[in-house]
Each structure stands twice: as C-alpha cells, then as structure tokens.
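Put together the whole structure using the sequences plus the hints.
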Amino acid sequence: MLLSVKDLKMHYKTKMGYVKAVDGINFDLDSGESLGIVGESGCGKTSISMTILRLLPDNAEFKAGSVFFDMGNGPIDLVKLDESQMRKYRWRGISMIFQAAMNSLNPVYKVGDQIIEAIQNHFPETPVDKAREKVAELFHLVGLDPSRMDQYPHQYSGGMKQRAVIAMALACDPKVIIADEPTTALDVIVQDRILKEIRKIQKKLNMAMIYISHDIAVIAEVSDRIAVMYAGKFAELADSVTIFKKPMHPYTYGLMHAFPSTVGEKTDLVTIPGEPPNLLNPPKGCRFAPRCPKADQTCINEEPQYIEIEKGHFVSCHHPVKPGEVVQFYEQ
Amino acid sequence: MVDAVIKEPLWKIRLKLWMRSLRTGWELFRERKLAVFGLGVIIFFAVFGLVYPLYPTIMKNIFWKNDPFGYQTFAPYDPIIGFDPDIMSHPSAPSFRHPLGTDPLGRDILSMIMYSTPREFVLGITAALITVVIGTIIGASCAYYGGVIDTFFMRLADIVMLFPSLALLMVLSAFIDLTLFRLALIIGMLSGFGSITLVLKAQALTIKVRPFIEAAKSTGASDAYIIFRHIIPNILPLSFLYMMLNVTGAIFTEATLSFLGLANIRMSWGVIIQMAESSGYLMGASIGTYWWLWLPAGVCITLLCSAFYFLGRGLEEIVNPRLRKR
Amino acid sequence: MSNELVLKIEGLRKLFPAERRIFSRTKYFVHAVDDISIEIKRRESLALVGESGCGKTTTGKVLVGLEEPTDGRITVEQEDVTPLLYENESSARRYIERNYVERFSKMDDQQLKTLDGVDGIYAERFLKLSKDGTKFISEFLENRRVRVWQLRRRVQMIFQDPYESLNPRMTIFDIVSEPLNIHEIGNLKEREDRVAEMLASVGLTPPETFMFRFPHELSGGQRQRVAIARALILNPSFVVADEPTSMLDVSIRTGVMKLMMRLADEHNMSYLYITHDLAVARYMSNNIAVMYLGKIVETGPTEEVLQNPLHPYTKALLAAVPIPDPEQKRGEPNIKGSVPKPINPPKRCRFFDRCPYAVEYCEKNDHPKLVEVLPNHKVACYVVSGETK
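Chains as they are written, first to last, in my numbering: chain A, 147 to 478; chain B, 446 to 771; chain C, 2 to 390.
These are computed hints drawn from the structure, not numbers from a lab. Predicted, not measured: the structure shown is a model, and the values here were computed from it. Treat the hints with care, as some may be off.
[Stated by the list, open to error] Quick list of simulated restraints, FRET-style, between CB atoms: (1) A:Q443 with B:L462: 37 to 43 Å; (2) C:S247 with A:Q301: 26 to 32 Å; (3) B:Y590 with C:E20: 19 to 25 Å; (4) A:H286 with C:N345: 31 to 37 Å.
[What the hints assert, rightly or not] Residues of chain C placed beyond 10 Å of chain A at every Cβ, according to the derived structure: (5) Y87; (6) E90; (7) Q111; (8) N144; (9) F213; (10) I253; (11) H268; (12) Y284; (13) E304; (14) E328; (15) I336; (16) S339; (17) A359; (18) V385.
Yeah, the Cβ is synthetic: ideal placement off N, Cα and C, and Gly gets one too.
Encoded structure:
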C-alpha cells in the first residue's frame, strides 16, 4: 500500500469550540490508482489533504490517526515526523495541485523560474541547466510549449496556468498527487482537456492521484474509486461504478439523483431537504440523520460504524439502501 | 396568506438588533487591551471634565469656610480670572489648596485643566464629525459617479494634503478671529477635503463593484438612494474609525495654535502651556523647577490624544477583519 | 394567451471600447454582444448558454438597465423599451429618430398600415400624429423617467453569487422589502405582510425567524432564496437569472432549481436563464440559445438541441461536459485552440479558427446568419446549412 490513512482526526479550534472538519477518515491508496473524494463545500474534504501534507493553519489541532506512506522503503507514519523530516516527503513524496491554481503562481516571477525554484528547494544540488531541462520536459508532458518557460503568468491563459501548476506539482517526481478542485474555475472545454492530460500523465508515470471536488461528474470521469464525504466523515467508499450503480448510503443515493445530466432520460431530480450540519456541534448520531428519509431512532442516537459491507465497499449507515430500492426524499 | 407575523413594532426590533450588534462588537473590542485602555482614559477625562463645577465648591468648603469675605466676593478657583490672595507669590508649587499649583497670574492649574477638558472634547469631536461627514459623502460620491466629480475632489484632496495646514491656519488667524468653533470648523473642513476622502473613496470603490449595488440599481434605485443606503452604511465603520483618529489631530492642532498664541481661545490645555512659555517659565532651569506649569497640561494632551488613537486602532481591527487575530 | 411574447430582442449589440482615447475616436472595440435576437414567450424560459466571456451576462445586464445597448431593439410585452434603457434622453431621441421616424417617413400610408407586430403599433401612432416626427418622438419619450421606473418593476435580475448580492449590513426584511421601498408600494404593515408571504413562498419558513437576520447568518441556499424573493416581490413579467445555482452545492441546488420553476408557474413569468452548465439548462428551460463570442450559434427547443446538436461548437461543448456516470463514455470534443478576445473580430465566421470543419467559404464570408435547419432549430453555420456546396 502506497498511502494508508487510518482514523485521521483534525479539528479547528475556534472561539465557539472545535470545528470537527476531519473526524475519523480511513482510506488506502495504491500506486497508479486514483481516488476521488466528493463532498459539498465545508464538509472537510480540503482539510484532509492539508492534514496529510501537514499544511495546516495555526488554529488547526491534530487529534488522532496516522498516515502511513511508503516511498519504497517501508511505510512511515507521516504524522510522527517533525517539520524538517516532513519537508522531505512534501512535494517529493506527495505533491499537490491547489484550488484556484491561477493564483498560486507568483505574478512577478517567470513561470519556468518558479518551477526551477521548486526543484532546487528539494534537490539543492541540481544545477540550473539540469533543472531547466527538467522543466522543459515537464512542460512537454503537460502539453505546454517549452519556449513559454520564460514568460510571466499573466501571459498565460487560464488553462495554461493550470497546466503550469500541474507541471510544478510533477517537478519532484512525486508518488502521489492531490488535486484539489483542479478545474473548478475553468470552462468545460478547457476542463475536459486538463482532466484528460492529468489522466494521461498519471497512467504514463504510474502515479497515484487523489482528486477532491464537489462535482460528481468530474470525479466520475477521473477516479477508479470514489469516497463520498459528508460532514467530516466518509459516508461511503467504493469503486466508481458501484458508487453510481449501487449506492448504499442514502446521501450518496440522493447526490446521484440530484445531479443533472445532459445525456440519458430527463429524470426528476432529487432534492435533499435541509442543510449540511454545522461542524461545531454535529448531530450526535448519524450526521446525515436529520436530512435522511430512512432515519429512525437508532440513527439519531447511535453513530453508525464505517464498515466494509462487501469487498471494497465501505458504508457508514444503519440502514443501507438495497439494490433497486427507491428512496423517496421529501420536499421541504 | 400569512397572518401578521411581526408581533413587535419594527423600530423595537431594529433597536434590539442594534443592541445585539453592539454587544458582539463589545465582545471583540474587549479583547484589545490598548483600546480598552483608550476608552477608559476617554471616560476618565469625560468625568473629569464634567465634575469641574463641583471642584471650586469643594475647595471653597474646605479652605475658605471661615473666610466669608473671600468666599463671597472673589472666586480663587475661577480658571480665567481667579487669584488666590493668600499666597505670597505666584506661581506657587502644588499644595493642598491648589493640588497642581498656581500659574504666574495666581490661577489654579487644576481648575484650568478641568475647565478646558469639555472644550477639548467639543473641539475634537466637532472637527472630527465635520471631517467625517464631508469625507464620507465626498468619498462615496466620487467612487459612485467617477468622472469629473471624482477628478475634481481628488485633485482638491491632493492640494489640501500638499498644503501645510498649520501654515494655512497661521495665515488665517491673521484674518479670522479663531474661536473654538471656528477653529473646529476649519480643522474639520481641512482634513475633510484631504486624505480622508482618498481612503474612504478607495473603500467605497470596493463596495461599488459588489453585486448588491447592481441589484439595487436594476430595481430602479436612484443614485442618492444607493449612495446613502448601500455605500455609506458599508463605509461607515471606517469613517467612524477615522473620526477617532481625527479627534487626535484636531486636539493637537488646537494645542499647537494656542501654544503659538494664534487662536482666540480663552482657556485650553495649549493656552496653559503658552502661559508658561510667555511668562518665561519654559526657559533654562525654570522648566524643571516650575514643572506644574506645563507638565499636567502636556500630559493631558498626550493622554487624551493617544487614548483616541488607541481607541481608533482597536476599532480598526474590529472593522477590518483582515487585521483581526484568530 | 400562452404564446404572448414577453421579451423580444432584435439585433442587440453591445460594444465596449477596448482602449481609452481622449482626442480621437476609439478604434478598437470588444464585441461583447454582437447582433443577437431572442424571443421569450410568457411562462417559457430561455437558457443562454456559453463559456465565460461569450457575452451572456452582458445581454442580461442590458435587459435590466445595468448596461446601455449599443444597437438593437428590445421589446417587453409589445412595448419598445429600448429608449428607456439609455442613460440620457438624447441617445433615446436619436434611437427613435433612426429606428422609427426615418424608416416610417420613407413609407407611404398603405405600407405603414401593413406593418405588423410592434412596428404596427408604432406605425399606427405615427399615422395618428399625421407623420409629425417631432411630435412622435416627444410622445414616445413622454414620462420617460416614470416609465424607466416601471420597466424596472417588470424586469428583475437574480445574481450569481448569493454571498455578494445581498448587502451585509441589511436585514433580510430590508433586503426583500427594498424594491417595495424604492417603488413606494404599500405602507409598512403591508410591506411586512408582503415580505413574510414572499419568504414563505421561497421556502424560508417560518418567515419571522428569518426576517430580522443578517445575510451572513444564512447558508448559501437560503441566501439565494432571499435573492429570489427580492427579485419576485414586484411581480415581474420576466426575470434574468444569471447563473443563480452555480455557486450552490448539489444537494441544495436542486431545491433552488425546483423552487424557481414553481415560482415561474405561480407568478406567470419567464426566465432568461444564463448559465454555463448545459445540464442545468436542460432542466431549467424550454428553449436554449448557445452563444459563442457574442453571437448565437445555435438555438432551438432545449431537448432537441441537446440530443441533436448541429453546430460544431455546440457539439464540442456537449462532448466536453463530464457525465455523472462512469460507464457512459462520451465523445472527444472536436475543437481547436482556445477562446480569442472579440476585439474587432475579422469579417468571417467567428468560430472559423477553432472549427474542425471550416472551409474557405467560411473565411470569405461574414459570420453566418441563423438558419432554420430543422423545425424551430436554428443554426448559424455555413457547413451545416449546406451553403458551402
């Protein structure tokens, strides 16, 4: 196993109490595999990646859990490393494509130089010409003209900036890339190209990917396995076909039926009543219980276990949806 | 149909909301020690100024009880024409009769300082209010209309900012009798057309581009409605902050002018120091010997000015969430 | 009267100067909206779809008076409202002069009588005034201020970002009652009732718990409901909805979409639904118009256009939309390059440099007109309409 996250818990400390943004997350990731994490805004999906990479703001408090990462010499718990050791794994082991990538390029430096800097930060002995060669290679890989290396970010279009950011993420040959909403601000045609590009590179370099997005359609396109996150926890995790064809968690079911599509029959869209809970004091039982049509007293009082219902299919629900069952969501 | 859902009159609800926002504001404010200190000093001075009428009465009742003559005919604690005939030479050092001593004319320094306090407040706050009203309206209008109006007021602001206002006030003092209110008006206008318009315009510009302005416009709101209902309420916290900082500036300017003897103000902290200066007590060794002539007034100016400044800075952190610590 | 036209746009153009010059005339213009025509019938909705920068939002802003049109005629419920959309009266006067007086003066009485539609109404008025141009114009501009005001009541807009489109310093009551306030409708008591009723109908129940809260105390979905309530409180005949659900989460989005459809039914009103999301457009509209660089390239009934796209751009756009189903494989979007800036675009098909099917004919001729290829399904493409042969 390349990356193995066990019972990860990270809370944000605020004046009103703890915001339980990541509250017991478990997943494994093999090399060459891609995992999609889908969830609504504020469900804690970005916080997972920040916790794994330990890029947390000051008010974040790591609570529990471990992140085992295997660079080829046995699994190491990243949680136990100190900051200087961690720096070795960041970018070289696990790198990240940030949300709003357009803004993660510094406007006053040439794009190529920024990537060279990233390389030299992690491999200080690399000479500049070697690094330039590497950048040219990376540009080629992400479909950018290497002659654009000496241009400034403002001379790039949105899609090109995104490609440059991907090149930067690839700069130190990482084993895992976490892509947090990699295409959110882009138009569909550009989005399509970028996603295909990432997919192609991933196959070529046999990297593992974690995609994080609110858009199920995007996640469905790029992921082998999908985790559905709700209010700081995984509601369901399975391979992407199972998630779409046999969703077991009522929330997953609702999401699948709430998403409009341009193809197929124009079905009635489902509305999930209510709003996601406040993570300051989430419901005591199942976090989805207040919005769930199948919820009963057990769901309100007891938190469901996150269990492997069938091989590779994890669900945390007291009353999983049976295949073929129609869940009726009530309108407000 | 929904039946009457609002059980209380609207103004009562608004009052409640206002109180609530005040409370949350206070919660944030309380954490800023320096600002709380500032507020404390301001309150102290306000009380200090307000109890002035009691001061002579108390003193008279203690020290002049058995002197019916002096008690009735002259007022030794009058800040302007007072004189204590029982003391051999003036200025006299602090004593029980005169806690902060007397000045060369035999007046009680504490009484002078107390008497001046409300006037300092009036001057500072009037000037700052004028500044802020002018600055807010012009800033908002410049941001909203742009074009000629904007260019005109911005160039005016440049001129006002580049022009040394103290020099201008000195020249003006030759033509105009600078009474307290006139001074407040002039100081207020000078800073109102100056840098504050730039700051508030910049703030208003960020408000102007937000979609709720477009939403109001598309509903048919007039320009005045948008400026007064949408833009100004959103820059008001910043205006209020600048008002606090402007109080400092106004009190300072007044002190300077009074010290130079250019303002026609009968009594103020600046005048007290000027008195010491013009009678030659600020020269050579006498500056240390006769410290009570200038130190109390100087401390008062510094304290009140810095109090308003600290209060302003504290409010800035509340108004501007980016400065707020988590 | 189900097929009554609520909105008709003819040849709308909006140019923005691409540079600022003081002494000479501006030479370069961004052709944000370039000669588009749209019709919306009562209770029907039109989705205006396109990528960012295609001019769809500008079109919406012109309709609610946030931008002045450069050219074209906008008719709302059989009334030419274009003169009301100009900031100053002289531009409005010039518009009437050019569009009616000059044209009508050239016709004789017989011709004027045969005109139909909106033209017919104004021709009749022109004849009644015994062809007096000045009188016609002044009658046209009568009570302009008041009529501008009334027009604002009939056309409302819902904005994209529910976090930015509500004034953070106003309570929900103040926000929703603002249009009533501006239009001086009802006394305080009546306004309170009206707002409560409106909040209840957008699903913010019970209304009294929401009325005196501030926007930051509500969630995104609730805020957008407030924005909808504000737009509908004046009972508009149509609403420009600028991506109202694009910032909302999926589980909340459908609720807002359904609400908007229900309200359209209840209030007898139409939407101009501006969106970049074809899947949402499918659920929210009867008709669709696909925009590219300020031009409408394809228009028709939504289902028809999505199932049978004809224009190469629509095809590419559809092929690029991710499908929420891992088993469905979609085609490759067949398109080159990226969106150029429409600054003084050359006289050829706008899509020429990105089109995989482009031939010489497409470059030699101006941008193609919309041609009805299938019933109600119009396409602006020389290749599809067969003109290149």
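Given as non-interface: S339 (chain C), partner chain A, CB spacing beyond 10 Å: violated, 6 Å
field: Status of the given 26 to 32 Å range, CB of Q301 (chain A) versus CB of S247 (chain C)
entry: holds, 28 Å
- request: Quick one: work out the minimum CB distance from Y87 (chain C) to chain A and report holds if it exceeds 10 Å, violated otherwise.
  value: At roughly 33 Å from the nearest Cβ of chain A, Y87 (chain C) sits farther out than 10 Å, so the non-interface label holds.
- prompt: Is it the case that E328 (chain C) keeps its Cβ farther than 10 Å from each residue Cβ in chain A?
  reply: For E328 (chain C), whose nearest Cβ neighbour in chain A is about 6 Å away, the distance does not exceed 10 Å, so it is violated.
- prompt: With d taken as the least Cβ-Cβ distance between H268 (chain C) and chain A, does d exceed 10 Å?
  reply: At roughly 19 Å from the nearest Cβ of chain A, H268 (chain C) sits farther out than 10 Å, so the non-interface label holds.
message: Please verify that the nearest CB of chain A lies beyond 10 Å from A359 (chain C)'s CB.
response: holds, 17 Å
query: Checking the smallest CB distance to chain A, is N144 (chain C) really beyond 10 Å?
result: Holds: least Cβ distance 43 Å, greater than 10 Å.
field: Interface exclusion of Y284 (chain C) relative to chain A, criterion Cβ beyond 10 Å
entry: Non-interface label fails for Y284 (chain C): nearest chain A Cβ at 5 Å, not farther than 10 Å.
query: Cβ-Cβ distance between Y590 (chain B) and E20 (chain C): within 19 to 25 Å?
result: holds, 23 Å
- prompt: Is it the case that Q111 (chain C) keeps its Cβ farther than 10 Å from each residue Cβ in chain A?
  reply: holds, 50 Å
field: Assertion that F213 (chain C) lies farther than 10 Å from chain A (Cβ)
entry: F213 (chain C) is indeed farther than 10 Å from all Cβ atoms of chain A, at 20 Å.
task: Taking the shortest Cβ-to-Cβ distance between I336 (chain C) and chain A, state whether it exceeds 10 Å.
output: It is violated; I336 (chain C) is separated from chain A by about 6 Å at its closest Cβ, not greater than 10 Å.
Violated hints, in rising order: 10, 12, 13, 14, 15, 16; the structure is consistent with all others.
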